[in-house]
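The whole structure should be built from the sequences, with the hints applied where relevant.
2 protein chains.
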Amino acid sequence: MRPACLPCGLAPEGLERLTGVSPRPLPVGHGDHAFRPGDPLRALYVVKSGSVKVYKPMADGDEQIVGFHFPGELIGLDGLATNSHTCAAAALETTTMCEFPVIQLHEMCHNYPLVRHEFNRLLGNHLTHLRNMLLLVGRKSAEGRLAGFLLDLSGRLKARGYSPCQFYLSMSRLDIANYLGLAVETVSRVFSRFQDEGLLSVQLRHVAIQDLDRLGRLVNAGSGLVGPFRPPRQLGAMTFAGAATMSS
Amino acid sequence: MRPACLPCGLAPEGLERLTGVSPRPLPVGHGDHAFRPGDPLRALYVVKSGSVKVYKPMADGDEQIVGFHFPGELIGLDGLATNSHTCAAAALETTTMCEFPVIQLHEMCHNYPLVRHEFNRLLGNHLTHLRNMLLLVGRKSAEGRLAGFLLDLSGRLKARGYSPCQFYLSMSRLDIANYLGLAVETVSRVFSRFQDEGLLSVQLRHVAIQDLDRLGRLVNAGSGLVGPFRPPRQLGAMTFAGAATMSS
DNA sequence: CGCAATATTGACCACTCTCAATGAGGGTGG
DNA sequence: CCACCCTCATTGAGAGTGGTCAATATTGCG
Numbered sequence: 072m073r074p075a076c077l078p079c080g081l082a083p084e085g086l087e088r089l090t091g092v093s094p095r096p097l098p099v100g101h102g103d104h105a106f107r108p109g110d111p112l113r114a115l116y117v118v119k120s121g122s123v124k125v126y127k128p129m130a131d132g133d134e135q136i137v138g139f140h141f142p143g144e145l146i147g148l149d150g151l152a153t154n155s156h157t158c159a160a161a162a163l164e165t166t167t168m169c170e171f172p173v174i175q176l177h178e179m180c181h182n183y184p185l186v187r188h189e190f191n192r193l194l195g196n197h198l199t200h201l202r203n204m205l206l207l208v209g210r211k212s213a214e215g216r217l218a219g220f221l222l223d224l225s226g227r228l229k230a231r232g233y234s235p236c237q238f239y240l241s242m243s244r245l246d247i248a249n250y251l252g253l254a255v256e257t258v259s260r261v262f263s264r265f266q267d268e269g270l271l272s273v274q275l276r277h278v279a280i281q282d283l284d285r286l287g288r289l290v291n292a293g294s295g296l297v298g299p300f301r302p303p304r305q306l307g308a309m310t311f312a313g314a315a316t317m318s319s
Numbered sequence: 072m073r074p075a076c077l078p079c080g081l082a083p084e085g086l087e088r089l090t091g092v093s094p095r096p097l098p099v100g101h102g103d104h105a106f107r108p109g110d111p112l113r114a115l116y117v118v119k120s121g122s123v124k125v126y127k128p129m130a131d132g133d134e135q136i137v138g139f140h141f142p143g144e145l146i147g148l149d150g151l152a153t154n155s156h157t158c159a160a161a162a163l164e165t166t167t168m169c170e171f172p173v174i175q176l177h178e179m180c181h182n183y184p185l186v187r188h189e190f191n192r193l194l195g196n197h198l199t200h201l202r203n204m205l206l207l208v209g210r211k212s213a214e215g216r217l218a219g220f221l222l223d224l225s226g227r228l229k230a231r232g233y234s235p236c237q238f239y240l241s242m243s244r245l246d247i248a249n250y251l252g253l254a255v256e257t258v259s260r261v262f263s264r265f266q267d268e269g270l271l272s273v274q275l276r277h278v279a280i281q282d283l284d285r286l287g288r289l290v291n292a293g294s295g296l297v298g299p300f301r302p303p304r305q306l307g308a309m310t311f312a313g314a315a316t317m318s319s
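So the sequence lines, in the order shown, correspond to chains A and B.
Here my numbering is used: the first residue of the first sequence is 72, the next is one more, and so on.
Here my numbering is used: the first residue of the second sequence is 72, the next is one more, and so on.
Note that these hints are calculated values from the structure, not bench results.
Just so you know, these numbers come straight off a predicted model, no measurement behind them.
Hints are supplied without guarantee of correctness; some may be wrong.
[Stated by the list, open to error] Here are some chain B residues pointing at chain A (derived, C-beta under 7 angstroms):
hint, residue
1, Leu151
2, Asn196
3, Leu201
4, Gly209
5, Gly252
[Stated by the list, open to error] Which stretches of chain B does chain A cover? Using the computed rule of at least three CB atoms under 8 angstroms from a CB of chain A, they are:
hint, region
6, 135-149
7, 202-208
[Claimed, not checked] Output of the computed footprint for chain B on chain A, the stretches with three or more beta carbons under 8 angstroms from beta carbons of chain B:
hint, region
8, 127-141
9, 145-156
10, 199-212
Even glycine gets a Cβ: it sits at the ideal position worked out from N, Cα and C.
Written out as structure tokens, the structure reads:
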């Protein structure tokens, strides 16, 4: 029922708990990169504080954001296929991350079936998330996409004990637009429309959701591909055992 | 460079070779299901002949296709996250598949690091594919999507020794439209336009591509989100070690 | 041979992109 | 502390892609 806009997960400290390793967090500043395309896959990273965007730089200098990541979430899986990263990961604000060298991870997977299972489950969740994202971006209207995006954010924050209805967007409108495949102006307009309709109040990067239910109905409503009455669409559960998520 | 529309892969018989198991193919008829949402994840399946669509049934009876799969490709990974399938897999024509029980797979992963690595790589490839698909569906025009779809098909068939320029579409226009997030009419229209422009010739489900290059340029051209001149967009390599692919 | 499903084509219209202008914040230097 | 600038965000007007509705082939099947 909950829309899927962002990564999906595994218990936040799951990896740390399972591996018994908890490296000290590395601080990075706004705009700093954890990895870039072409970098060998040395490690996976767990965000400890702040937030990160994972994106694919394109040939023409443009970029495509494939995920936003918050504390407890794992990034770096984009390098799994080829052992070298295909995406870049940049901090959206001052951020700290823990590094898990892949060599250690491989050893752990070898020695502890539980780690392996957890890791597989985590990958499966990520696949699920991407499939849901595909639905959102491929079949939903601008309103549906933004609603889905916000609900996903809300859900993830709630899972971490933050307020699900009041939060700060660490990414710019441009990032959101890029992520959702919309124009910046459209994002802005939809925010305004939502506010006018009393769904939420938004001021710059501060969002306060006022009607979660109605927002949810928006996600499962408009695809512009189905019929005059926009029948509801299930997006598939994003409910996970753990409280955290993972990413690209 | 090659657009990514469909699953990505692992050596076709990679799983069989690695596991040393090669079960006999099970035949299924058009419309028969290998699994449905809610089914426990008993096995993964490799398509041996024919073709399969993997899709998510929605609340309202509609469906969302998340992949088409051809001989050599693996399906069933949608159940990895929760140990039960979230998608359905239906044969598009008379099809045979080999079954790989997950229990065996787990044992193999435990006993043979190579299997585990291969499996991880394969999952990574699938993630990459989905990310590329996200790009295609989220940022490309109708022409770009169909071009990407056809090129992906072309590439996969070529990798298997079939003609990359002449093939039969085992899925209906409705399936294609569903998969690409378009209306059936749009798919039909774009096919016609492509034919008018000499890019390909199409008659019902038979397609003959006449200008692969120009088709490729279409994919990296129109996003409708970038600027007046539609700068080219890299979609990321879909080149895999093996000749086969995997799926949902 | 007809019925049903699939595919194509046309007319119309809505959503959202593009272009352009204005407003609000945040930073730097005077 | 204020002026200035630059980025980010908002808002409006016009245009275009693609969805919807509807009618007409074409195919496949009983």
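Answer holds if the nearest beta-carbon of chain A is closer than 7 angstroms to that of Leu151/B; otherwise answer violated. Holds - the Cβ of Leu151/B comes within 7 angstroms of chain A, reaching about 3 angstroms at its closest.
Within the region 202-208 of chain B, is the number of residues with a Cβ closer than 8 angstroms to a Cβ of chain A three or more? The restraint on the region 202-208 of chain B holds, since 5 of its residues have a Cβ under 8 angstroms from chain A and three suffice.
Three-residue Cβ test at 8 angstroms for the coverage of the region 135-149 of chain B by chain A: Check passed, 4 qualifying residues.
For the region 199-212 of chain A, does the count of residues with a C-beta closer than 8 angstroms to a C-beta of chain B reach 3? With 9 residues closer than 8 angstroms to chain B, the region 199-212 of chain A meets the three-residue bar; holds.
Can you confirm whether chain B covers the region 145-156 of chain A, using C-beta to C-beta distances below 8 angstroms and requiring at least three such residues? holds (count 6)
Gly209/B as an interface hint toward chain A, with CB separation required under 7 angstroms: 3 angstroms, holds
Is the listed coverage of the region 127-141 of chain A by chain B valid when you require three or more residues with a beta carbon under 8 angstroms from a beta carbon of that chain? holds (count 7)
Should the interface hint for Gly252/B be scored as holding, given a Cβ-Cβ cut-off of 7 angstroms against chain A? 3 angstroms, holds
Leu201/B as an interface hint toward chain A, with CB separation required under 7 angstroms: 4 angstroms, holds
For the hint on Asn196/B, just tell me whether its beta-carbon gets within less than 7 angstroms of chain A. The hint holds - Asn196/B has a Cβ within 7 angstroms of chain A, the shortest such distance being about 4 angstroms.
Of the numbered hints stated above, none is contradicted by the structure.
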